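Protein chains in written order, with the working numbering: chain A, 1 to 393; chain B, 1 to 179; chain C, 1 to 368; chain D, 1 to 103; chain E, 1 to 212.
Among the hints, a few may not be true.
[Unchecked claim] Listed below are the simulated DSBU-like cross-link pairs for lysine-lysine, each with C-alpha atoms no more than 35 Å apart in a straight line:
1) B:K115 / A:K77
2) A:K193 / A:K265
3) B:K14 / A:K77
4) B:K14 / A:K353
5) B:K115 / A:K317
6) C:K365 / B:K14
7) C:K53 / A:K228
8) B:K115 / A:K188
9) A:K320 / A:K188
10) C:K32 / B:K14
11) B:K82 / A:K320
12) B:K115 / A:K353
13) B:K82 / A:K77
14) A:K353 / B:K82
15) A:K314 / A:K265
[To be verified] Chain C is nowhere near these chain E residues, computed Cβ spacing over 10 Å in every case:
16) S17
17) I20
18) N27
19) V29
20) A40
21) L56
22) V68
23) L69
24) G111
25) S115
26) R130
27) A137
28) V143
FYI, nobody ran anything at the bench for these hints, they're computed from the structure.
Predicted model only: the values in this text are computed from it and were never measured.
Note that the Cβ used here is the ideal one computed from N, Cα and C, for glycine as well.
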Amino acid sequence: MSDLDTKERIQPATAPGEGIAVQFVGDADFPTQDMSVSIGPAHPATHGVFRIVLELDGERVKQATPVVGYMHRGFEKLAEHRDFRQIMALVNRHDWLSGFSNELGVALAVEQMMEMEVPDRAQWIRMLMAEWNRILNHLMFVGSYALELGAITPMFYAFRERDDIQHLLESATGGRLHFTYNQPGGLKIDLPKGFLKESVQVSQTVRTRLPDYFDLVLGNEIFQGRTKGVGPLPPDVALSVGATGPTLQATGVAEDSRVTEPYLKYGEIDVEVPVGENGDSFDRFYCLLHRIRTSLDIIDQIHDHMPAGPVNTKLPKMVKAPEGATYVRTENPLGQLGYWLESDGGRTPWRLKMRTPSFSNVQTMPYLMEGALLPDAISILGSVFFVVGDIDR
Amino acid sequence: MGLMDQVELPQPVKYVFNWGRKYSLWCFNFGLACCAIEFIAASTSRHDFIRHGVIPFAHGPRQADLLVVSGTLTDKMAPAVKRLYEEMPEPKYVISFGSCSNCGGPYWDSYSVTKGVDQIIPVDVYVPGCPPRPEALLDGIIALQDRIQNESLKDRMADRRKDPITLGADAPLALGSSS
Amino acid sequence: MMASLTHATTTVAQTVSLFDGFDGFVLPVILKLVFVLAAFFVLPLVGGYLEHKVMGRMQHRRGPVEAGPFGSLQLVADGIKFIQKEDLIPSAADRWVFAIAPGVALVPAMLVFLVIPFGPGVFALDFELGLFYALAAISVSVLGVLMGGWASANKFSLIGGLRAGAQLVAYELPLIIAAITVAVQAGTLSLVGIVESQATFQLFGTGINVWFVFPQIVGFAIFFVAAMAELSRPPFDMPIGDSELVFGYMTEYTGIKYAMYMLTEYAGMISMSALMVVLYLGGWQLLPGVPLPGCEAGGGLFDCSPTGIALGVAITIAKIMALVFLMVWARVAYPRLREDQLQRVCWLVLVPLSLANLAVVTIAKVVF
Amino acid sequence: MSPLGPLLLATLLFCIGLYGVIARRNAVLVLISIELMLNAVNINLVAFQNLLFPDEVAVSGLMFALFITGVAAAEIGVGLAIVFNMFRNRASIDVDDVDLMRW
Amino acid sequence: MTGHDVIFVLVGLLTASAAILTVTSKNLVHAALFLAVTLAGVAGVFLTLAADFLALVQLLVYVGAVAVLFLFGLMLTRAPIGREALDNQKRGLAIAVSGGLFVLLSTLIIGAVGSGALGETSVAEVAGPRIEDIGIATFAEWVLPFEVLSMLLLAALIGAIVLARPESGESGEEAEVTRIEMGDAPSSEGPQPLPDGSAPELTSGQGTEGSS
């Protein structure tokens with residue numbers, strides 16, 4: 001049914017549960033009429049205010065159009081009105097599941113511009129925190145993806161672990177989601193006493209509970225039936241839209257900034273990058289689960305390496321980056337996060353441009369959803385892991 | 001509805017009805033941003049507000065009694081919130097969870113953020129924090145339940161915006177006070 | 001209906017009803033109605049509470065705690081709340097169809113309770129065609145679902161209604177075939193008669209007294225799966241799958257009408273479980289072939305003292321709740337199937353399997 | 001009870017079905033009307049079964065009614081399939097529009 | 001009038017009025033719903049005629065399956081509303097024919113019953129056949145028609161599937177033509193998972209090691 005313009009299109013809904021009459025208006029020459037279903041911005045499946053408009057023929061998706069911008073808060077503009085220390089408290093909120101990794105990128109950019117020497121211990125602690133943060137993020141998606149496929153329990157299991165980890169991180173940073181632990185030149189304060197011991201313990205706990213997810217979710221026949229072969233993504237398509245993180249790794253491309261362009265001390269330890277084969281929903285989820293495991297491996301290595309020493313450098317009263325620009329990319333939990341930081345020598349950035357992984361990842365959706373069934377579309381929607389704030393900024 | 005918002009019910013009936021509403025707050029989570037994660041944390045095993053009868057399995061607004069607006073409300077999203085609120089059947093309650101939905105939070109100077117959800121819908125309980133801890137949400141829920149137990153539906157329907165609860169307005173937030 | 005009631009009581013042979021001790025005609029009828037209504041309204045609440053608590057325990061939570069002792073009044077609170085809610089009808093909806101659809105779903109679910117034997121002599125009606133009647137009544141519920149889905153004038157509702165219709169009609173087939181297999185084995189369609197025949201049924205050639213679940217483990221599995229699909233319970237909950245269709249055909253329903261749909265679902269869980277208990281798990285018998293304490297004559301099936309009756313009812317309800325527990329377990333453990341996978345399971349697995357089961361059982365019945 | 005009631009009811013249902021078949025142009029409604037007529041026949045069969053074979057063993061009328069039920073189910077399956085095909089090919093389920101075979 | 005009569009009259013009135021609404025309703029879905037009521041009413045008539053088994057078959061097959069099938073079909077197709085869309089212009093003729101037939105037949109029936117040509121038996125005194133009798137009859141005297149009916153049902157099943165799914169199957173070449181004619185070809189670009197969930201052939205030539 002190509003010529004949609006000959007028919008009156010039903011006005012797409014903006015929210016579920018509203019009373020839109022299913023009137024099959026239109027040209028009488030056509031046997032069936034496409035139904036336009038708006039998933040979101042407050043649909044249970046979109047975890048957040050993402051919206052995707054599906055043109056359905058029966059239950060088959062003919063066209064999927066993501067509509068973004070419902071969570072646009074103007075981060076890039078707001079950052080121009082915060083000084084370099086205040087930015088930390090701002091940027092960790094755009095991808096609210098990976099607060100530490102977000103602020104890490106800005107800290108690295110500022111340090112690069114100011115040519116600061118960051119103490120070793122601070123760098124190792126940053127890695128530790130970033131990996132813990134990665135696990136936090138991935139656990140959330142383990143739970144929510146299973147929830148989207150109709151399994152409610154993994155969410156509760158995932159949050160049990162998340163609460164343990166958040167408790168640990170809170171003891172050092174004082175925050176549960178938004179840590180604001182970085183500052184240019186290092187960290188705000190040192191780790192509290194006994195933190196590393198606790199960290200080892202939590203890592204062991206999470207490691208012993210990890211098989212639960214592999215068995216309960218990944219090993220479930222229904223889960224496999226719902227995800228295997230659903231939404232396969234060829235690597236060239238993934239690369240052409242700039243997808244990164246698990247979405248790209250599932251297609252078999254082992255791209256990971258921690259390996260290909262190591263920052264902090266990632267060059268000194270082994271970082272394993274799990275890859276998938278087909279790039280389907282199952283592989284994306286498989287990569288996600290395995291990234292938890294590799295992060296735990298990294299954490300164990302960091303525990304062995306942790307040096308003593310100071311965690312920050314003395315900062316001037318007013319942090320002013322010299323005139324110039326820099327680009328820093330880090331491996332955020334969801335993919336590659338890039339900051340383009342431009343300064344005119346003042347106390348605030350002149351421009352802070354974000355390259356967020358979620359935005360690039362959701363570009364794959366129109367490709368993935370076309371021709372899929374409605375339940376498969378949901379399966380795809382959940383498996384291309386994204387955070388709405390990270391898309392819209 | 002219809003009758004109950006116009007007639008003052010006799011005390012025993014009112015008690016039973018209020019008790020029913022108090023312990024059956026099916027909750028529609030309007031998860032917008034960061035606070036939605038803390039909302040989910042509050043619903044899961046450690047904090048577990050389901051034991052208070054706050055059931056988070058209402059998928060649509062039609063079955064919900066309690067709307068928890070958690071996160072930053074943008075101007076683009078505001079009509080949807082308004083619409084969802086209006087789709088909920090009376091009697092309905094609203095908890096504004098987090099600084100963003102209270103007043104705009106860290107984005108107070110942003111061009112695209114609505115500075116407070118109470119600009120478009122009436123709010124019963126404000127829970128401050130950025131994001132508030134799950135315990136704060138529990139505190140807000142208990143405060144709301146106390147109010148429901150003692151309220152008169154007639155008065156409530158007459159003036160919905162009367163005297164909202166603001167947690168921690170006069171006393172420090174009682175963390176972990178959930179029973 | 002009157003004719004059938006009187007007709008049914010004349011055709012049933014030796015069964016002694018609990019209510020036969022009362023003189024007159026009106027009192028037993030009222031008692032039976034009260035009994036059926038009580039079972040219909042109380043047991044689903046117990047099942048719902050069990051679901052809350054079991055789900056909670058399996059997810060490292062406690063379930064409801066505050067409403068009533070141990071949260072036991074949670075569903076009562078839900079009910080009190082639902083009757084206070086505003087009754088919204090979408091402006092585009094078909095008002096009448098929208099309004100009566102939950103009732104159309106609810107009433108058949110209630111009528112099933114008429115024939116379910118809950119204990120020795122504790123049943124409203126021993127019908128010669130009891131099993132057939134139960135299946136026929138269950139099959140009518142789908143009308144209410146379709147009506148609700150269509151009348152809501154909501155896309156999600158319509159898709160949910162269509163899915164529910166396709167699913168319920170499809171899974172009726174294996175359900176009925178599995179039930180008929182039991183009827184073949186028992187030689188009767190009366191639910192009481194099936195319980196009775198299980199008391200004396202012996203495994204071929206061994207002389208060991210067993211329930212029908214042993215020779216018919218395949219049939220039991222088919223019936224269980226089909227029953228879960230009939231009830232739209234996870235993993236077969238596509239009609240109301242929240243991540244796809246918000247709430248399916250119930251999306252637009254508020255207040256008491258929504259509560260009626262929910263009650264239908266939970267009453268369905270109870271009645272399906274009760275059917276399974278009767279068909280496969282020996283009804284109110286504690287052990288196969290062993291009379292209940294307090295029940296002496298007649299194989300310990302009917303001639304019971306009040307203790308025996310109470311024990312029988314308790315055993316039946318315990319078995320029902322055990323099956324409800326299994327359904328809740330499935331809900332906790334499994335994700336949702338896809339619609340085409342669901343139909344595939346039905347037509348390619350369950351229907352051939354149930355037909356083969358029927359053939360095997362029939363041959364065995366004739367041979368032995 | 002007099003057999004008059006069931007027989008008159010059956011007649012009435014049959015005539016209503018006949019009206020539907022003639023007056024409706026929607027194919028699904030025509031099928032629905034045919035169902036009414038078949039049901040009228042069933043009532044008749046059962047009434048005459050009771051009237052003519054009051055003993056319990058002879059069940060000819062019931063058997064006929066059962067067979068009609070089965071045939072009706074088959075008819076609906078095929079009939080609806082034809083209607084869908086018609087709808088798909090001609091975007092209309094009006095029986096008046098189906099005139100390809102008419103000369 | 002006995003209680004039996006009263007119940008029959010009530011059920012009969014319900015059935016007849018629902019039937020009339022079925023053929024006069026302006027809304028297709030309403031018509032199908034009234035059909036369901038009519039069918040349930042006929043089941044009630046069977047009950048009063050002591051045909052319990054038939055009543056349950058009526059419920060199971062007609063109300064639970066046929067009416068559902070109708071509703072399903074109506075929801076899948078576009079349901080026009082309004083008398084013009086549903087009725088043709090032969091309403092007068094229809095009323096004349098059906099009304100005439102009704103008058104004719106009812107006169108005959110009343111005459112026959114009044115004259116005692118149908119015997120003296122009253123339909124309500126019949127106990128009705130037991131389920132065993134029906135079963136024995138089905139598989140003894142009626143076994144041949146029964147088998148024929150099962151063949152018919154099988155044929156109808158296959159026929160319905162073939163008719164309703166011209167574009168079914170993963171390969172169906174002949175279906176392609178129809179689809180283009182109708183203009184509702186599902187888009188063929190993009191990876192389209194096969195209905196059994198297996199992935200179509202992928203063109204993944206990239207290595208597994210880092211490519212950037």
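Each hint tested on the structure:
Distance hint between K115 of chain B and K77 of chain A is fulfilled; the C-alpha atoms sit about 17 Å from each other, no more than 35 Å. For the hint pairing K193 of chain A with K265 of chain A, the CA-to-CA distance comes to about 23 Å; that is within 35 Å, so the pair holds. For the suggested pair K14 of chain B and K77 of chain A, the alpha carbons sit about 52 Å apart, so the restraint of at most 35 Å is broken. Restraint check for K14 of chain B and K353 of chain A: the C-alpha separation of about 57 Å exceeds 35 Å, so the hint is violated.
A C-alpha spacing of about 32 Å is found between K115 of chain B and K317 of chain A, which places the hinted pair at or below 35 Å, so the restraint holds. Simply put, K365 of chain C and K14 of chain B have alpha-carbon atoms about 62 Å apart, too far for the 35 Å limit, and the pair is violated. With a C-alpha separation of about 33 Å, the suggested pair K53 of chain C and K228 of chain A falls inside the 35 Å cut-off, and the hint holds. The hinted pair formed by K115 of chain B and K188 of chain A meets the criterion: a straight-line CA distance of about 31 Å does not exceed 35 Å.
Between K320 of chain A and K188 of chain A the alpha-carbon distance is near 18 Å, which keeps this suggested pair within the 35 Å criterion. At most 35 Å may separate the alpha-carbon atoms for a hinted pair to count; K32 of chain C and K14 of chain B meet this at roughly 33 Å. Of the supplied pair hints, the one linking K82 of chain B and K320 of chain A is violated, its CA atoms being roughly 43 Å apart against a limit of 35 Å. Simply put, K115 of chain B and K353 of chain A have alpha-carbon atoms about 25 Å apart, close enough for the 35 Å limit, and the pair holds.
Distance hint between K82 of chain B and K77 of chain A is fulfilled; the C-alpha atoms sit about 27 Å from each other, no more than 35 Å. Restraint check for K353 of chain A and K82 of chain B: the C-alpha separation of about 32 Å stays at or below 35 Å, so the hint holds. A distance of roughly 21 Å separates the Cα atoms of K314 of chain A and K265 of chain A; the hinted pair therefore holds under the 35 Å criterion. The non-interface label for S17 of chain E is consistent with chain C: the shortest C-beta to C-beta separation is roughly 15 Å, beyond 10 Å.
The claim that I20 of chain E lies off the interface holds: its Cβ sits roughly 17 Å from the closest Cβ of chain C, which is beyond the 10 Å cut-off. Not every CB of chain C is more than 10 Å from the CB of N27 of chain E (nearest about 8 Å), against its label as outside the interface. For V29 of chain E, the non-interface assignment is contradicted: its Cβ lies about 6 Å from the closest Cβ of chain C, within the 10 Å cut-off. Its closest Cβ contact with chain C, about 8 Å, brings A40 of chain E to no more than 10 Å, contrary to its assignment away from the interface.
L56 of chain E, annotated as away from the interface, has a beta carbon of chain C within 10 Å; the closest lies near 5 Å. Residue placement check: V68 of chain E does not keep its beta carbon more than 10 Å from all beta carbons of chain C (closest about 5 Å). Remark: the non-interface label on L69 of chain E conflicts with the geometry, its nearest Cβ contact in chain C lying 7 Å away (cut-off 10 Å). No beta-carbon of chain C comes within 10 Å of the beta-carbon of G111 of chain E; the shortest separation is about 28 Å.
At roughly 27 Å, the least C-beta separation between S115 of chain E and chain C is larger than 10 Å, which holds for a residue marked as non-interface. Non-interface call for R130 of chain E relative to chain C: violated, since the shortest CB-CB distance, roughly 6 Å, does not exceed 10 Å. At roughly 16 Å, the least C-beta separation between A137 of chain E and chain C is larger than 10 Å, which holds for a residue marked as non-interface. The Cβ of V143 of chain E sits about 15 Å from the closest Cβ of chain C, beyond the 10 Å cut-off, so the non-interface label holds.
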